[in-house]
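Asks: What follows is the residue order along each chain.
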Amino acid sequence: MSADNSMLVLIGLSVITAATPLVYAAIGELVVEKSGVLNLGVEGMMLGGAVGGFAVAHLSGSALLGVLAGMLSGMLLSLLFAFLTLHLRSSQVATGLALTLFGIGLSALLGQPLIGVAYEGIPTYAIPVLRDIPVLGTLLFEHDLMVYGSILLVVAVSFFLRSTRAGLILRAVGDSPEAAHALGYRVILVRYLATLFGGACAGLSGCYLSMAYAPMWAENLSAGRGWIALALVVFATWQPSRLLFGAYLFGGITILQLHAQAIGINVPSQLMSMLPYIATIIVLVLISRDRGRIRKNAPASIGQAFHPTK
Amino acid sequence: MVVALNSVHWPVATVTPLFMSSIQTDEPRTALVAMHKISKAYPGCLANDAVNLMIHQGQIHALLGENGAGKSTLVKILYGLLQADSGYVEWQGARVSISSPAVARELGIALVFQHFSLFESLSVLENIALGMAVPATQNLKQNIIDVSQRYGLPLDPDRQVYTLSVGERQRIEIVRCLLQEPKLLIMDEPTSVLTPQEVNDLFVTLKRLASEGVAILYISHKLNEIKALCSEATILRGGKHVATADPQQRSTHELASLMMGDELLIPQRQEHAIEDSVLLQLNNVSRTTSEQHGVPLHNIELQVHAGEIVGIAGVAGNGQDELLQVISGEHRSSDADSVSINGEGVGVLAPGARRELGLCCVPEERLGHAAVPSMSLVENAFLTAHHRIPMRTAGLFSLKKSARFAEKVIEQFNVQCNGSGAVASSLSGGNLQKFIVGREIEQQPLVFVVSQPTWGVDAGAASAIHTALQQMASRGAAVLVISQDIDELMLISHRIAALCAGRLSNTYSTTSVSVQEVGVLMGGGSIADGAVA
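Respectively, the protein sequence lines represent chains S and F.
Take any residue in the first sequence, count from 1 to its spot, add 6: that is its number in the numbering used here.
Take any residue in the second sequence, count from 1 to its spot, add 655: that is its number in the numbering used here.
A hint or two may mislead.
Claimed, not checked - Simulated restraints on C-beta separations: (1) S:L136 - F:E836: 51 to 61 Å; (2) F:S1029 - S:V291: 40 to 50 Å; (3) F:D811 - S:F165: 24 to 34 Å.
As the list claims (entries may be wrong) - Residues from chain S shown here face chain F by an in silico Cβ test under 8 Å; the list is partial: (4) I175; (5) A178; (6) E184; (7) A185; (8) L189; (9) G190; (10) I194; (11) R295; (12) A306; (13) G309; (14) Q310.
Since the hints were made in silico from the structure, they are not lab data.
Every residue, glycine too, gets a C-beta built ideally from N, C-alpha and C.
Assemble the whole structure, with the sequences as input and the hints as a guide.
Replies: Right, dumping it as structure tokens:
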């Protein structure tokens, strides 16, 4: 393997690890938003998952238990959000922001004893035979299970939304909860389940950061990735396949910003960290030109509280 | 046009044996559904007070009542969306508890909603699949095509709902219901959004269904429809069951007085002097439109004199919205003289400036255009009235003055609401319409333009609105009424024209033109020029 190739493989690998947490967080939020709920607390839930997963993995020594704990932590935080917004009908935007602030604070508090603790990371699993393909083998088939899992999850969500009856009901609830209620569907229950799924995904995203990407715990470990995930959902116009593409694009930009100076591109790093957001704004402007596309994919009732008695 | 239905002959073959036997037996049949002493109270109002309702198989049964009479509440209880406080329901003689819409569907009850419960971003097929108890996606597409052909309800299963017209949307609801092979089909004010032709088609479908043994509960306040369609009517007033009558045996007037309680005030066309001065003038108005379903306007010429009511007939979607926007100022022209109010060219002015010159407008869509749904009636009153009514103190919004104005409107127009602080979306359609029309009338405009003034409004409120329009004209205002309801236009307006595909016909005196002739104009045809006014 030439030096050039190994450099490219290294960058490729780091793009994949940078993209994976975005995939998890964004695909979860996509499902949440498709049900008509806007949960801005992704960042908070990610941090909850990160600290929960890391702590359990460290204490038990089991990566699997850690991942489960991370998922559960995200779900617990999203349960709080769901209870406040769906049962008590508080504002989704305000509650989501509060959840982010709460998650940042809580994870910092709980994570105090974990700072500086070493963890070897989630073991990688190389797929036999395929791993021996030159260049691509190392790049694509020598990852931890969570990387493969993220791709499978996107495929599964895409199939679920498009081809299953439950997915259709979820989209219907997001499009018009009143109409779904009138047809006898349980809007609040559907939204609860979607929100919990989003929480679980954000938790997975968080524990991937603390257990595989870093792997360590530091305060505010997610460093704004939750917000990028939120932007990604809009960027992808609520379509899972585009979301996957967007996550790798944004992941690539993140890595580029780290490697740019090393490669010799002299662009201020602040400018590079703006890129995902600038890309989202440009995409928003572009898709806003076509009303039909927005109406077709955007959940019409997003962010609105639902009163079943009205 | 309802009369035309009588000439439709039903092939004997479509009458099922079930239906025949039901005619031949004289002994009382068990009703398909019987609701006994249903009561339901909301905070501050008894929506249903011991109401009885009995429907037989193959019967088209009318549920008649004004807005707020409790029709919708009763239907929601029957469909399991609400639970009655007391009373019970019998289905084919057996007592049942309809705890949810799923239970209702299980029994064979299907409901076509007044406000369609459709999902805009989903396809016709997906919408229908969502309404089916048992998913049968394999053959569903073919079933949709079969049913829609059989009952004359053309539908493309793959279209996205947001691209469809109102009539097509209703077809989705009906097909969705028919696919469940219901025993009882409930239609909640199905014609309020349909064009006359679509109403005709719907009636043909409903009669065919009834002849096949399906019971239909038809909810409406339009008496001519009920007389044309129904064999029995249950009449509600103020939440109480006042009568069960045969609409064929009763006159429209009798039914109306049962429904309204006191004698119905039917406005007569008012003959008063129309002055020569032109208060509203449109000069060769043309506009293009950038919206997907917009209609461009072509060379529209119109004059409305002081004291005159001019009606513009036309099927929805022929440029009514675009015309209203041109007059109100929501769409501005570069030519000041394209629109004149009281001789002054206002084509380039914004809506507020036009209001200050004496123009008041009521657009068609009540919630979201004429009123902000989440704002109170006081705030909604301020939004249009502050140009003409003093509502500010030292330049700032005065809650006191606005509330006084809103309360005056509520009182003058008998708006049923929970005080002037109620949010607009909490009012029923008819009451909100009374408030919106009243809000503009109370500003004593020089020129008043209103679109679909009585759309979805009950007979009592409609006659109140008609009377108010006439009073305004008799005080010397110029009134322009845009409506789909020809009867309404013929009743109140002095001159009438029709809008078709963005072109306005000549105007004719309503005393010298017939409804049929206006129908021709609505279709874009022309009639002998003798009647040009």
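Asks: With reference to the structure, classify each hint as holding or not holding.
Replies: Against the structure, the hints come out as follows:
{"no.": "1", "hint": "S:L136 - F:E836: 51 to 61 Å", "verdict": "holds, 54 Å"}
{"no.": "2", "hint": "F:S1029 - S:V291: 40 to 50 Å", "verdict": "violated, 28 Å"}
{"no.": "3", "hint": "F:D811 - S:F165: 24 to 34 Å", "verdict": "holds, 26 Å"}
{"no.": "4", "hint": "I175", "verdict": "holds, 7 Å"}
{"no.": "5", "hint": "A178", "verdict": "holds, 5 Å"}
{"no.": "6", "hint": "E184", "verdict": "holds, 7 Å"}
{"no.": "7", "hint": "A185", "verdict": "holds, 4 Å"}
{"no.": "8", "hint": "L189", "verdict": "holds, 5 Å"}
{"no.": "9", "hint": "G190", "verdict": "holds, 4 Å"}
{"no.": "10", "hint": "I194", "verdict": "violated, 14 Å"}
{"no.": "11", "hint": "R295", "verdict": "violated, 12 Å"}
{"no.": "12", "hint": "A306", "verdict": "holds, 6 Å"}
{"no.": "13", "hint": "G309", "verdict": "violated, 14 Å"}
{"no.": "14", "hint": "Q310", "verdict": "violated, 11 Å"}
Hint violations for this structure: numbers 2, 10, 11, 13 and 14, all remaining hints satisfied.
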